[in-house]
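Heads up: the sequence lines are chains B and W, in that order. Going by my numbering, 200 is the number at position 200 of the first sequence; the sequence numbering is gapless. Plus 204 on top of the position in the second sequence (first one is 1) and you've got my numbering.
Keep in mind the hints are simulated off the structure, nothing from the lab. Don't take every hint at face value.
[Unchecked claim] Just a sample of chain B residues kept apart from chain W, beta carbon distances all over 12 Å, derived:
no.: 1; residue: Tyr-51
no.: 2; residue: Lys-85
no.: 3; residue: Arg-91
no.: 4; residue: Arg-111
no.: 5; residue: Ile-130
no.: 6; residue: Pro-147
no.: 7; residue: Gly-150
no.: 8; residue: Ser-171
[To be verified] When the alpha-carbon atoms are kept at most 16 Å apart in a straight line, the in silico EDC-like pairs for lysine to aspartate or glutamate are as follows:
no.: 9; chain 1: B; residue 1: Lys-144; chain 2: W; residue 2: Asp-482
no.: 10; chain 1: B; residue 1: Lys-38; chain 2: B; residue 2: Asp-97
no.: 11; chain 1: B; residue 1: Lys-144; chain 2: W; residue 2: Glu-407
no.: 12; chain 1: W; residue 1: Lys-287; chain 2: B; residue 2: Asp-126
no.: 13; chain 1: W; residue 1: Lys-469; chain 2: W; residue 2: Glu-487
no.: 14; chain 1: W; residue 1: Lys-287; chain 2: B; residue 2: Asp-97
no.: 15; chain 1: W; residue 1: Lys-583; chain 2: B; residue 2: Asp-62
no.: 16; chain 1: W; residue 1: Lys-602; chain 2: B; residue 2: Asp-145
Small disclaimer: the values here were computed from a predicted structure and weren't measured. Beta carbons: idealized from backbone N, C-alpha and C, even for Gly.
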Amino acid sequence: MNPSVDTLRATFGTAIGRSSVTRDGVSTVDVACAQALKVFEFLRSSEHYDYLVDLTAVEYRDPERPLEVVYLLRSLQGGAELRVKVLLDVRQELAVDSVVGVWAGANWLEREVFDMFGVQFRGHPDLRRILMWETYAEGHPLRKDFPLRGRFSRAEQVRQALAGHPEAHYSMEELSFADAHHDLPADMRERLRRGERGTIPHSE
Amino acid sequence: MTKRTVELELATPGVGANGDAVRVPLTVGTEEPSGIPGEPMLINIGPQHPATHGVLRLVVELDGETVVRVIPHVGYLHSGFEKLGEYRHYNQIIPLTDRTDYLAPMANNVGVALAAEQLMGIEITPRCTVLRLIACEMSRIISHLVWLGTTSIDLGAFTPFLWAFQQRERIYNLQEAWTGARLTTSVTRVGGLMADVPTGFVEGLEEFTRTFPKTLDEIDRVLTRNAVWAGRTQGVGVMSAPDAVNYSLSGPMLRASGVAYDLRKDRPYLGYETYDFDVPIGEHGDVYDRYRVRLEECYQSNRILAQAIKRLPDGPINVADPRVILPPKSRAMTDMEAMIFHFKQVMEGIRAPVGEAYVGIENPKGELGNYFVSDGSAKPVRWRIRPPAFINLAALPKLAEGHLLSDLIAINASVDIVMGEVDR
């Protein structure tokens, strides 16, 4: 077992849950969601986990089991590895604090977890979908209740793709500095003024 | 923005006022910005653009020719591999990995097989270990050669591209002889390999390792001390060592920034610790250093290959466990027990114990991680690929902002992305 687990337990007490060593020999520890950011800051500054190897989420087939946000940390100098899991109840709001301020590499990884699992990262600078397009309306693909072929029929998917507005391909931020902003069609500028993104019209 | 000079004089030959030959120093990119504020302009590069190396789309805010902001858009090649993996047996996942980093398919096959074996606690045979290492290093060479060729084209040098692709073709021929495929190799199986190497393969590879460095020397000669190449790449897209670690960069991107971290040395797998090779480290973390690191890695991979051929042991390529490895077809047709094992494996797959395992390997692009979570069934609950190209690409805005638009192309090329892996 990685000695950092004991240090965490001594420092954070009840915020630290179950710990174990997984089949790859990495110590894994559960951390309470409310304390997670403090724990990560501590791990980064005091325990020298300077490298965020991976950030992902796991949902089990058993619907009773919580969804896990999994952080794999590494200390490049010492070589120690630690896996930290934040457990989220799927029946409640899925949200954890963003660790972009701790490891800058978490930016796109958190966006991916948000995109694929619907987990909100509080304090993320730019939490948008990343692999799916921004107006994707079918949900979060890696959730277990998401069917392999998607929620919509192929015909509906094609219809939506064709019905998308051109500005849907740009974020609001991008359109705001577009040189041709004043050349956009009036209805598009009006939608932008209202802060609407290229929404998909409902089929009649 | 001033650029550092190379070891040799960065100069072009010219004629002075008296008719003597003089060397005119190149002053690339030394002008200071005029200070006149311009209108910001939004331009869209890609997703169908040769210089974005795949279906990457960059929305760029420009002030004159200077990049103020880069906003990458990815996902055009998203195939949902991780979702598909949850519906497949462990061995059925291997073909999916061919299509992630499609410039180094064999290395991906090895990565996923190692992770599944770690999860199941399987020890592979000595011959399999060496053959997998050969597969990894062959992949590193072909991936770096594609990088070298396409990047040199991006920066205006066409010849290295042809040289690189000629050599790459030789590896592809070997790969094809071994696996029957140039791209969709699927060379590994959980517990072993799809096939042993064919007759003549070892000789072919030996011949390759003997002659390949000559081409690298040629590429080195035309690029490393080339004034245009140095001017386009030095001081461009600089990433400091602390930033590189903070941004979770891996592979040549991390090492070019001066961080001596290579999984083959620091967390050895496949017996890399028993081979004699060096890990090149950059100093300035710019595009030029990334080029130097990748070029040197080709030499080092060649060294490893030469050693691996010499020590390739005889023996079986698969573990002797009928629950994991399919019995030979001849036995399955004649032997009742072999047929039962064959049937159970094909119909039910290999059951993994409850648990999870992450295995990271040093892929050409960086640390390729495969993370399996199992609930005891034959299909993983979660298969996660830690995509090195995706994580490296996330640092692109940081690298490119403040540079010229033409430098953005050089920087983007230096990240060495492959969209199959970025989008998965």
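Exercise. Which numbered hints are broken by the structure, listed smallest first?
Worked result: 1, 2, 4, 5, 6, 7, 8, 9, 11, 12, 13, 14 and 16
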